[in-house]
Amino acid sequence: MLEDRLNPKETADECLQQIKRRRVDGYEVYLIQSISTSIEVREEKLDSFKRAQSMGIGLRIIKDQRLGFSYCSSSDVPEIGRMVKAAIDGAANLPSDPFYGFTAPSGNLSPTPDIYDERIRRISAHERIERAMAMEAAALAFDPKRIRRVGKATY
Numbered sequence: 001m002l003e004d005r006l007n008p009k010e011t012a013d014e015c016l017q018q019i020k021r022r023r024v025d026g027y028e029v030y031l032i033q034s035i036s037t038s039i040e041v042r043e044e045k046l047d048s049f050k051r052a053q054s055m056g057i058g059l060r061i062i063k064d065q066r067l068g069f070s071y072c073s074s075s076d077v078p079e080i081g082r083m084v085k086a087a088i089d090g091a092a093n094l095p096s097d098p099f100y101g102f103t104a105p106s107g108n109l110s111p112t113p114d115i116y117d118e119r120i121r122r123i124s125a126h127e128r129i130e131r132a133m134a135m136e137a138a139a140l141a142f143d144p145k146r147i148r149r150v151g152k153a154t155y
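For the sequence shown, position 113 matches number 113 in my numbering, and the numbering has no gaps at all.
To be clear, the hints were calculated from the coordinates, so they are not data collected in a lab. Hints may contain errors.
As the list claims (entries may be wrong) - Dumping the calculated EDC-like pairs for lysine to aspartate or glutamate here, alpha-carbon to alpha-carbon at most 20 Å: (1) LYS152 x GLU127; (2) LYS50 x GLU127; (3) LYS152 x GLU130; (4) LYS85 x ASP13; (5) LYS45 x GLU127; (6) LYS85 x GLU14; (7) LYS85 x GLU28; (8) LYS152 x GLU43; (9) LYS63 x ASP89; (10) LYS152 x GLU44; (11) LYS9 x ASP64; (12) LYS9 x GLU130; (13) LYS145 x GLU43; (14) LYS9 x ASP76; (15) LYS20 x ASP117; (16) LYS152 x ASP47; (17) LYS85 x ASP64; (18) LYS63 x ASP25; (19) LYS63 x ASP97; (20) LYS20 x ASP89; (21) LYS20 x ASP76; (22) LYS63 x GLU28; (23) LYS45 x GLU130; (24) LYS50 x GLU130; (25) LYS85 x ASP25; (26) LYS63 x ASP47; (27) LYS20 x ASP64; (28) LYS145 x ASP25; (29) LYS152 x GLU40; (30) LYS50 x GLU40; (31) LYS9 x GLU28.
If you're wondering where the values come from, they're calculated on a predicted model, not measured in any experiment.
All chains, please: the whole structure from these sequences, using the hints.
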């Protein structure tokens, strides 16, 4: 399954291990993952089916009162290592500033709104295609005298 190829927890853990091995003074890691499916139906036939997954990691570090930044879009261990090294190398080439720092975690996290419906992941590709076809059919059936064609129905 596409969702199993990239594991954000393992990627974040690897990133943190590599940062800690290099002994930086402070760091901030941002990781994002997205999974998308796009289905297009035209004239009662499947016209396009695309599935994509992406992951990105952003890293800011402070070493010797110097700030460095890097990012990568891979969960491969060597790529994560290159990202960490690039942030440290970047910091080494910038002037130091004793006022660089990261805000300490407060421990008071805002509640996360429940905006994701887990049932979406369980909808099969076949059912998604059927829904797109049903959308096209419903549009055509709404007013057959005036609606003769649907450019495309997209799920």
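Hints, one by one, checked against the model:
1. About 17 Å separates the Cα atoms of LYS152 and GLU127, which keeps this hinted pair within 20 Å; it holds.
2. About 15 Å separates the Cα atoms of LYS50 and GLU127, which keeps this hinted pair within 20 Å; it holds.
3. Straight-line distance between C-alpha atoms of LYS152 and GLU130 comes to about 14 Å, which keeps the hinted pair within the 20 Å bound.
4. Between LYS85 and ASP13 the CA atoms are separated by roughly 16 Å; this keeps the pair inside 20 Å, and the hint holds.
5. Between LYS45 and GLU127 the CA atoms are separated by roughly 14 Å; this keeps the pair inside 20 Å, and the hint holds.
6. Restraint check for LYS85 and GLU14: satisfied, since their Cα atoms lie roughly 14 Å apart, inside the 20 Å limit.
7. Among the hinted pairs, LYS85 with GLU28 is consistent with the structure: their alpha-carbon atoms are about 14 Å apart, no more than 20 Å.
8. Among the hinted pairs, LYS152 with GLU43 is consistent with the structure: their alpha-carbon atoms are about 8 Å apart, no more than 20 Å.
9. Of the pairs offered as hints, the one joining LYS63 and ASP89 holds, with about 10 Å between alpha carbons and a cut-off of 20 Å not exceeded.
10. Between LYS152 and GLU44 the alpha-carbon distance is near 9 Å, which keeps this suggested pair within the 20 Å criterion.
11. In summary, the hint linking LYS9 to ASP64 is not supported, as the alpha carbons are separated by about 29 Å, beyond the 20 Å threshold.
12. Only pairs whose Cα atoms come within 20 Å are accepted, and LYS9 paired with GLU130 is rejected, the gap being roughly 34 Å.
13. Of the supplied pair hints, the one linking LYS145 and GLU43 holds, its CA atoms being roughly 17 Å apart against a limit of 20 Å.
14. The straight-line distance between the Cα atoms of LYS9 and ASP76 is roughly 13 Å, inside the 20 Å bound, and the hint therefore holds.
15. Distance restraint check for LYS20 and ASP117: the Cα-Cα separation of roughly 36 Å exceeds the 20 Å cut-off, and the hinted pair is therefore not satisfied.
16. Taken as a hint, the LYS152 and ASP47 pair is honoured in the structure, with Cα atoms around 9 Å apart against an allowance of 20 Å.
17. For a cut-off of 20 Å, the pair hint linking LYS85 to ASP64 stands: about 15 Å separates their Cα positions.
18. A threshold of 20 Å between alpha carbons decides the hint, and for LYS63 with ASP25 the separation of about 5 Å falls inside it, so the pair holds.
19. Taking the CA atoms of LYS63 and ASP97, the gap is near 10 Å; set against the 20 Å cutoff, the hint holds.
20. Among the hinted pairs, LYS20 with ASP89 is consistent with the structure: their alpha-carbon atoms are about 16 Å apart, no more than 20 Å.
21. Between LYS20 and ASP76 the CA atoms are separated by roughly 18 Å; this keeps the pair inside 20 Å, and the hint holds.
22. Distance restraint check for LYS63 and GLU28: the Cα-Cα separation of roughly 12 Å lies within the 20 Å cut-off, and the hinted pair is therefore satisfied.
23. Restraint check: the Cα-Cα separation between LYS45 and GLU130 comes to about 10 Å, which is no more than 20 Å; the hinted pair holds.
24. This hinted pair checks out: LYS50 and GLU130 have alpha carbons roughly 15 Å apart, not beyond 20 Å.
25. The suggested pairing of LYS85 with ASP25 holds, with an alpha-carbon distance near 14 Å, which does not exceed 20 Å.
26. Annotation: proposed proximity of LYS63 to ASP47 is violated, straight-line Cα distance about 52 Å (limit 20 Å).
27. Taking the CA atoms of LYS20 and ASP64, the gap is near 15 Å; set against the 20 Å cutoff, the hint holds.
28. Restraint check for LYS145 and ASP25: not satisfied, since their Cα atoms lie roughly 70 Å apart, outside the 20 Å limit.
29. This hinted pair checks out: LYS152 and GLU40 have alpha carbons roughly 6 Å apart, not beyond 20 Å.
30. At most 20 Å may separate the alpha-carbon atoms for a hinted pair to count; LYS50 and GLU40 meet this at roughly 9 Å.
31. Pair hint LYS9 plus GLU28 holds up; C-alpha atoms about 16 Å apart against a cutoff of 20 Å.
Checked against the numbered hints above, the structure breaks hints 11, 12, 15, 26, 28 and satisfies the rest.
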